[in-house]
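S.K.: As a plain string of letters, each chain reads:
Protein chains: 4
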Amino acid sequence: MLEELKKRVCQANQELARRGLVVLTWGNVSGIDRAAGCVVIKPSGVPYEEMKAKDMVVVSFETGAVVEGELKPSSDAPTHLVLYRAFEGIGGVVHTHGLYATAWAQARRDIPPLGTTHADYFLGAVPCTRPMRPEEINTDYEANTGRVIVERLAGTDPLHCPGVLVADHGPFAWGETPEEAVENACVLEHLARLAWVTHCIESYPRPISRELLEKHFFRKHGPGRYYGQNR
Amino acid sequence: MLEELKKRVCQANQELARRGLVVLTWGNVSGIDRAAGCVVIKPSGVPYEEMKAKDMVVVSFETGAVVEGELKPSSDAPTHLVLYRAFEGIGGVVHTHGLYATAWAQARRDIPPLGTTHADYFLGAVPCTRPMRPEEINTDYEANTGRVIVERLAGTDPLHCPGVLVADHGPFAWGETPEEAVENACVLEHLARLAWVTHCIESYPRPISRELLEKHFFRKHGPGRYYGQNR
Amino acid sequence: MLEELKKRVCQANQELARRGLVVLTWGNVSGIDRAAGCVVIKPSGVPYEEMKAKDMVVVSFETGAVVEGELKPSSDAPTHLVLYRAFEGIGGVVHTHGLYATAWAQARRDIPPLGTTHADYFLGAVPCTRPMRPEEINTDYEANTGRVIVERLAGTDPLHCPGVLVADHGPFAWGETPEEAVENACVLEHLARLAWVTHCIESYPRPISRELLEKHFFRKHGPGRYYGQNR
Amino acid sequence: MLEELKKRVCQANQELARRGLVVLTWGNVSGIDRAAGCVVIKPSGVPYEEMKAKDMVVVSFETGAVVEGELKPSSDAPTHLVLYRAFEGIGGVVHTHGLYATAWAQARRDIPPLGTTHADYFLGAVPCTRPMRPEEINTDYEANTGRVIVERLAGTDPLHCPGVLVADHGPFAWGETPEEAVENACVLEHLARLAWVTHCIESYPRPISRELLEKHFFRKHGPGRYYGQNR
Numbered sequence: 018m019l020e021e022l023k024k025r026v027c028q029a030n031q032e033l034a035r036r037g038l039v040v041l042t043w044g045n046v047s048g049i050d051r052a053a054g055c056v057v058i059k060p061s062g063v064p065y066e067e068m069k070a071k072d073m074v075v076v077s078f079e080t081g082a083v084v085e086g087e088l089k090p091s092s093d094a095p096t097h098l099v100l101y102r103a104f105e106g107i108g109g110v111v112h113t114h115g116l117y118a119t120a121w122a123q124a125r126r127d128i129p130p131l132g133t134t135h136a137d138y139f140l141g142a143v144p145c146t147r148p149m150r151p152e153e154i155n156t157d158y159e160a161n162t163g164r165v166i167v168e169r170l171a172g173t174d175p176l177h178c179p180g181v182l183v184a185d186h187g188p189f190a191w192g193e194t195p196e197e198a199v200e201n202a203c204v205l206e207h208l209a210r211l212a213w214v215t216h217c218i219e220s221y222p223r224p225i226s227r228e229l230l231e232k233h234f235f236r237k238h239g240p241g242r243y244y245g246q247n248r
Numbered sequence: 018m019l020e021e022l023k024k025r026v027c028q029a030n031q032e033l034a035r036r037g038l039v040v041l042t043w044g045n046v047s048g049i050d051r052a053a054g055c056v057v058i059k060p061s062g063v064p065y066e067e068m069k070a071k072d073m074v075v076v077s078f079e080t081g082a083v084v085e086g087e088l089k090p091s092s093d094a095p096t097h098l099v100l101y102r103a104f105e106g107i108g109g110v111v112h113t114h115g116l117y118a119t120a121w122a123q124a125r126r127d128i129p130p131l132g133t134t135h136a137d138y139f140l141g142a143v144p145c146t147r148p149m150r151p152e153e154i155n156t157d158y159e160a161n162t163g164r165v166i167v168e169r170l171a172g173t174d175p176l177h178c179p180g181v182l183v184a185d186h187g188p189f190a191w192g193e194t195p196e197e198a199v200e201n202a203c204v205l206e207h208l209a210r211l212a213w214v215t216h217c218i219e220s221y222p223r224p225i226s227r228e229l230l231e232k233h234f235f236r237k238h239g240p241g242r243y244y245g246q247n248r
Numbered sequence: 018m019l020e021e022l023k024k025r026v027c028q029a030n031q032e033l034a035r036r037g038l039v040v041l042t043w044g045n046v047s048g049i050d051r052a053a054g055c056v057v058i059k060p061s062g063v064p065y066e067e068m069k070a071k072d073m074v075v076v077s078f079e080t081g082a083v084v085e086g087e088l089k090p091s092s093d094a095p096t097h098l099v100l101y102r103a104f105e106g107i108g109g110v111v112h113t114h115g116l117y118a119t120a121w122a123q124a125r126r127d128i129p130p131l132g133t134t135h136a137d138y139f140l141g142a143v144p145c146t147r148p149m150r151p152e153e154i155n156t157d158y159e160a161n162t163g164r165v166i167v168e169r170l171a172g173t174d175p176l177h178c179p180g181v182l183v184a185d186h187g188p189f190a191w192g193e194t195p196e197e198a199v200e201n202a203c204v205l206e207h208l209a210r211l212a213w214v215t216h217c218i219e220s221y222p223r224p225i226s227r228e229l230l231e232k233h234f235f236r237k238h239g240p241g242r243y244y245g246q247n248r
Numbered sequence: 018m019l020e021e022l023k024k025r026v027c028q029a030n031q032e033l034a035r036r037g038l039v040v041l042t043w044g045n046v047s048g049i050d051r052a053a054g055c056v057v058i059k060p061s062g063v064p065y066e067e068m069k070a071k072d073m074v075v076v077s078f079e080t081g082a083v084v085e086g087e088l089k090p091s092s093d094a095p096t097h098l099v100l101y102r103a104f105e106g107i108g109g110v111v112h113t114h115g116l117y118a119t120a121w122a123q124a125r126r127d128i129p130p131l132g133t134t135h136a137d138y139f140l141g142a143v144p145c146t147r148p149m150r151p152e153e154i155n156t157d158y159e160a161n162t163g164r165v166i167v168e169r170l171a172g173t174d175p176l177h178c179p180g181v182l183v184a185d186h187g188p189f190a191w192g193e194t195p196e197e198a199v200e201n202a203c204v205l206e207h208l209a210r211l212a213w214v215t216h217c218i219e220s221y222p223r224p225i226s227r228e229l230l231e232k233h234f235f236r237k238h239g240p241g242r243y244y245g246q247n248r
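Residue numbers (this note's numbering), protein chains in the order written: chain A, 18 to 248; chain B, 18 to 248; chain C, 18 to 248; chain D, 18 to 248.
Incorrect hints may appear among the rest.
Given that identical chains are not distinguished, each listed pair holds provided it fits within a single copy or across any two copies.
[To be verified] The calculated lysine-lysine pairs, modelled on BS3-like cross-linking and capped at a C-alpha distance of 27 angstroms, are:
1) K89 x K237
2) K89 x K24
3) K237 x K71
4) K237 x K69
5) K232 x K89
It should be emphasised that the hints constitute simulated quantities derived from the structure, not laboratory data.
Could you build all of it, start to finish, from the sequences and the hints given here?
M.R.: What follows is the structure in structure tokens.
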């Protein structure tokens, strides 16, 4: 089942490796078929170079139970499911161990919008969640990771903020498709690196103006967009 | 029309990607044929690896209107046109998202001339523009981006200062040809990185002396040059 | 003798080079056959690309004397032997000149557990030894290097802490096999780099909670592990 | 004439490019045949990838005049000649634009001996010259660059200190052969990068002890060396 989606999710995972966003077997991409009520996700701990479309695991959107696949799904699958349930407009989720985004997550800091490259993708800071509480860590850890993300995004359109930092852990990103989620994860890593270099030059860099933030975001997104070719 | 220039502009754009100065579809190179009154520029949002000479867009130097081409020109085309109109000696313009130059732009700082590598290409600091005002952002944004560059370069020979940082945004560079503009963009990125590392070692590094700055600039440029082979 | 182990140790050395953890001929990997009482190690000062399985040197676990091989063993062989004698559960040892781990060693600092990536491999800080004393340097230097490592690890399960920094020198790592030792050396370098970037963003980053440290370590290691596929 | 040396010098130049120590056409390697009274050096401003052995330029050790070759020699040739005249034991000289070594030169700082990697090659700090005076810049600039290097090395065995930083400019390195000079240039760049990262972690890192410095230097160099295979 879902052979086409398995193929796309597999390719999206390998794209993650090609872009240098993962180390060893770390990181994962999933995609959802909302009509079928199923999520397709990378198997746990399998090397990227050996991965094939048929190794992708299908889990139930409702229960998280494995619907098809011989391997165990990524241990982060419960986090993905919480995000798909909370953010109805998204079609793909990515978790990476990108060096710079992880460093900001370890510093427990939002990445401020310091320039137009940031504004092209995020209509505000890349938010960082609060650290998780002992009881959230000890029980139902991976689902609770999703819950602190949803808590942090409350009141924000997830497509205006297509990624987040989980404090002490690292980045999650999403998009309307698995491919767009990978692009957003890749951009998030670039923004984290760019903000880090900026921060080294100027300890307290000022965020850009609201006008510039909106100008760049909306020239690439929404009905008035004029960047790129007409679709 | 302008088939030869289209080919060169296309290659110059791909050189930008090969040198790691762009991410995804970001960045753009143009070239001008002043006799024909036309500028050839990269189309908006097209992947570098798929780009062909025939995809380049020809726009009018006077009006900015598309003269030839099936795709939309880069959304930064109005910035390029303002630069070509103000700087009569230039034949190519480049905009990149180079990490280090963008970080200095985000820090809203000139890159000081800290060594002879810098002096080989820039006869002074790489200047940073002032941040743009809300009204400049809301109306005619891309042309106004060119205007703050021209304002910042006032009184400077643009070939003695072949690049600039737009505050909160990133670098633009230029040269007598599209190829030279790409070389200058590549050097600007290197200088930004070098100044960043220097800055991390020594918080307030001193600029080099005027004598050393002029020695290195003029041994590579102008009538008394003795670096390189006789042309 | 030990042809299979020579082949694995040779491949593990070359993997080190492929992962960018060594410069020139620096660094080395060894493996032990405890039943045979022998350690197989890289020859001293031989380029990685020219190395063959038959160039590996077999030394006695007891005495350090060369048992087989035409080349001199790595000058760090006495350090490896001290570690194999002290840590009975390990089967491979690695020494690298990884840039970031060496920098922490030069700063004489433990790498604190700043995030879950760290906790996936180390159940606490990556410890740094004390600087060696003049008499330890002047006599029996390489064996004394092993002794300060063992001194620093006192009271710690070496498989819960599969690597260390030797002050003023650089990292050593180990594992149940040579391959696992290389993976741990590679992860140690990544953690050192990640902690460095974090440190640049936030001068005094706080270590993660004990609960999160144990959650991540034990979801990958020991009887209750649920990361990865069932072996 | 000197066909074999031309071939080696050409290869050494290309090795410099392969190791990422040069940008565009910057940097140069030379080698000397003291019996013939000639120095073979890279031509000025020629791309590394197009360079052939026959393009190397032969200049007189005494006068600096071109003895053979159709191209102009590197504009840094007079610096090389001053070094060959002052340091009788050296057979090759290298000038690079390595990012990290250049940054220390721009910061006008010695690179302190912060670890054993440094001690394996330099028996003390990598020294930085004083800035050059206006009159030294205005007249006979390239030879004066050599003279401030020689002034800084006064009283030091150049083979115990196979490289230097020219303040505001960048690194020069040397060795008994052109190949060894390239290795030393490559190591100098690595040490500069390593010291930079260390410096970011610990603002005032302490140099290593004299005992450790000598232990590592002399286990690789001189009559008592025991690193590597017997030659």
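S.K.: Determine for every hint whether it applies to the structure shown.
M.R.: Hints versus structure:
Taking the closest pair of Cα atoms, K89 and K237 come within 27 angstroms of each other only across two copies (14 angstroms); inside a single copy the shortest separation is 39 angstroms, beyond that limit. With identical chains, the CA atoms of K89 and K24 are at most 27 angstroms apart within one copy only, with a shortest distance of 18 angstroms there and 32 angstroms across copies. Taking the shortest Cα distances, K237 and K71 sit within 27 angstroms of each other only across copies (25 angstroms), while inside one copy they are farther apart (35 angstroms). Proximity of K237 to K69 under the C-alpha cut-off of 27 angstroms is restricted to the inter-copy arrangement: shortest distance 23 angstroms between copies versus 34 angstroms within a copy.
In this homomeric assembly, K232 and K89 come within 27 angstroms of each other (Cα to Cα) only across copies, at 19 angstroms, whereas the closest approach inside a single copy is 45 angstroms.
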